[in-house]
Every structure is written in C-alpha cells, then in structure tokens.
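Could you slot chain B onto chain A? The hints should help.
Each chain, letter by letter, is given below.
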Amino acid sequence: MSWHVASDVAWLRTDDEPSLTYIASVATGTVFCLNQTAGLVWESADGADDIAAVTHHVADQMGIEVAQIATDVETCVDDLVNAGLLKKSGDLR
Amino acid sequence: MTTHSPDAPSRDVVVQLAHGYLQLLADDVGADILHVKGPAVDCALLAAGNDGKPASRFSTDADVLVRPSHVRQFVDALAARDWQRVTGFEQGSAFGHAMNLRHVQLGNVDLHRRWPGFEIDAERAFEHLWAQRGSVEIAHTQCVVPSVAAQRLLLLLHAGRSGGLEHRDARLWSGASDAEQSQVRDLAATFEASVALAAGIGELEEFRGHPSYQLWSHFGRNDVSRLNEWRGRWNAARGLRGKARVARGFVALNPDLLRERVGPNPTARDYVEEYRNRIGAAGQDLWRVLREVRIRRPKL
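Protein chains in written order, with this note's numbering: chain A, 1 to 93; chain B, 94 to 393.
A few of these clues could be false.
[What the hints assert, rightly or not] For each label pair, taking beta carbons as the anchor points, the in silico distance ranges come out as: (1) B:364 to A:4: 49 to 59 Å; (2) B:227 to A:71: 42 to 52 Å; (3) B:314 to A:18: 47 to 57 Å.
[Said to hold, decoys possible] Covered by chain A, according to a simulated footprint, are these stretches of chain B (three or more residues, beta-carbon under 8 Å): (4) 115-122; (5) 126-137; (6) 230-243.
[Stated by the list, open to error] Chain A residues, not near chain B, derived (Cβ > 12 Å throughout): (7) 1; (8) 28; (9) 52; (10) 56; (11) 66; (12) 67.
Worth flagging that the hints you see were computed from the coordinates, not collected in a lab. Note that this is a predicted model, so its numbers are computed, not measured. A virtual CB, placed ideally from N, CA and C, is assigned to each residue, including glycine.
This is chain A alone, in the form it adopts within the complex (with noise of 0.2 Å):
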C-alpha cells in the first residue's frame, strides 16, 4: 500500500515562515489550508509505502522525536484521505 496526491488537485505551498500549503481539488471544487505541519505530512506522504515512513520524515524535518508525532501524524494522513486529497493505492505487498 502507499498514497500519492490526487491527480486532480492543483496546490501550492507558500514561501512564507510558517508556510501554508493550499490545495484545489476539482473533485470538491473546494481549497483547503493546511499548516506547516500538514502541509509537511502531506509532500511526506506522497510516495510513501507506510505510515512509519512518513511519520519518520516528518519527524527528521521537524527535528523532534517520532513518538512524538505518530498519532498526529496518522490522524493526518487518514483527514487527507478522507477529504480526497491523498490517494491510496493498491496494497503493494
């Protein structure tokens, strides 16, 4: 299993500090916000096999310790699932 981002959002992340990333999703026909964190997790995740190794990278950028991101991390992930804007693909294994 891994996700990549939805073929049909266009998105941006800002350059300034703390940066946003904003996403348009046809689907929706909405634009979503999402903070720097989010917004980490979300270019973590496109591409990644597990949950561990998003969280993992998150973690690195961060500089913190992963245990202390995992379960906001996964809650994340599964919110941009939820709201189209990851997509899973087929489980790989």
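For chain B alone, kept in the frame of chain A given last:
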C-alpha cells in the same frame, strides 16, 4: 491538522491555484485551453526585477483561451462546479471576446473565446496557437500555453488595446531582437492581426484607412469617449450580423454590469436610472465632439 481555508490566500496564490484547477478541469472534460498572461507568461518575456531575475507577473484573475468549439462544454463544467457568471461574452467588452466567471474561493476567470485583434476565424486561430503549444508548471500542474513567440504577440495585442506604447508590455517590442520582431510580424500576418499589432507598437497611423483603425486608436489612446468607442465598434464590425450586434449593444443596457452595480435583481427604477445615465453621458460626449469640431473650423 487539515484545516479548511482559515487563512484567505493572497490574490497571487488564488490566481495560480485557479490556473491549475482550470487545466485539471479542462483535462477532465476534454476541453482544449491555453493559459495566457499572469503566471502563464514565459520567463523569457518577464521584465527583470530589482534583483536582476525575471519578476513574476501578478494578475487579478486567471486568463484562459478556450478552443471555441469547446467553450460551451467548459462553461457548463464550470457552472456545475459553482462558478457564477459575472459578464457574458457579448457584454464583457467591445470585442465580445471573453466572459468572466467567479468562484467564491478561486476568484475570477477571464474565459476568452477569441483574442482581440485576431481577424481570422477564431477556431482557426486557436488551432494555429494549439499546434505550437508548450507548457508551464503552475500550482504543480502542467498548464498548456502558447509558444513564446505567440505569447509575445498576444501581450502586444493586449497592450494595443490598453494604452499602446504607454503599456508596460510595449517593452516586449522595443526590447525584442530583429529576428523576434520579424517573427511577431509574421505571426500577426498569419492571424490577420497587423492592425492590432500596429496599435501595440506605435505604428497604427499606417492603417488609417482600415475599418478597425478607429477602434484600436480609441483603446490605444485610453480614450474615455463612449461615442468614439461605438463609432470604432461600428466601423470595425464585419457584415450585417456584425453591425447588427453593435447596434444592439448600443441600444440595450448591459444587464451583467447593472447587476454588478446594483445587486442581483435590478428593479425597473434601476433600468430607468441606467438609461438616464447613458443618455446623459452620450449627450456630454456629443457636446464635446461638437466643441472640438467648432474649435477645428477655421474662423471666417
């Protein structure tokens, strides 16, 4: 962590998202579109910023040119996704070239069915542009754009109806090499856009006898006279249908613009008021023209 638009994005972000969204939607419904102006402009045509790098072009809305035979399906697709019409093609401008739609989150789109200045058939013009298309990434989406040479021409034609040599894009001519200028002239000939190009590059007087001269002269000078505009539109209109369209536009009020001004449901009083304003403006215009004629007449 996922939030739903708590922070209103800047205009620049909205326009970029809209371009990406429009391309994805066009792909979805099988419509051919070309992105023009704003973030779609090729780096080679951007002016240098203070740091010497190409400066981004900001736009207040997203501009796309749609293959004329695909316009209906694309507009229907937008309408089905909560895009509201602001102005229709006939009412949008003197050239009847674009309609404007608005989305509550994605801002405005100027949807062109033809490019002002092209005098060949709009479908043929689009096909010429399409045959030489390229692409540019906007909001992580590959957006289809005209060739760099065609972009230069389109921007110069736009300058031609927005102040001519006073427009910032006039530099796309003055700063172009001989080869680039020659390429633009050839393209203008292909699209029968030589009059419009002349307006953008300061050569309009060479076309004084052309039916489109007055219209381009009007917009090239940023002339505020509506009377001059209508005279130009009348002269430029081709055939009976074209003239009839101009005559209809002259007499009828523009309901889209009226709604923009007074709200979604104009009353009879609003229409009367609008007619009164129009007649008043026409009277002032006429008075100004008569004064000019009197001033020009030699004293006996």
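Subject >> Unsatisfied constraints (hint numbers, rising) >> reply: Hints 5, 8 are the ones this structure does not satisfy, whereas the remaining hints hold.
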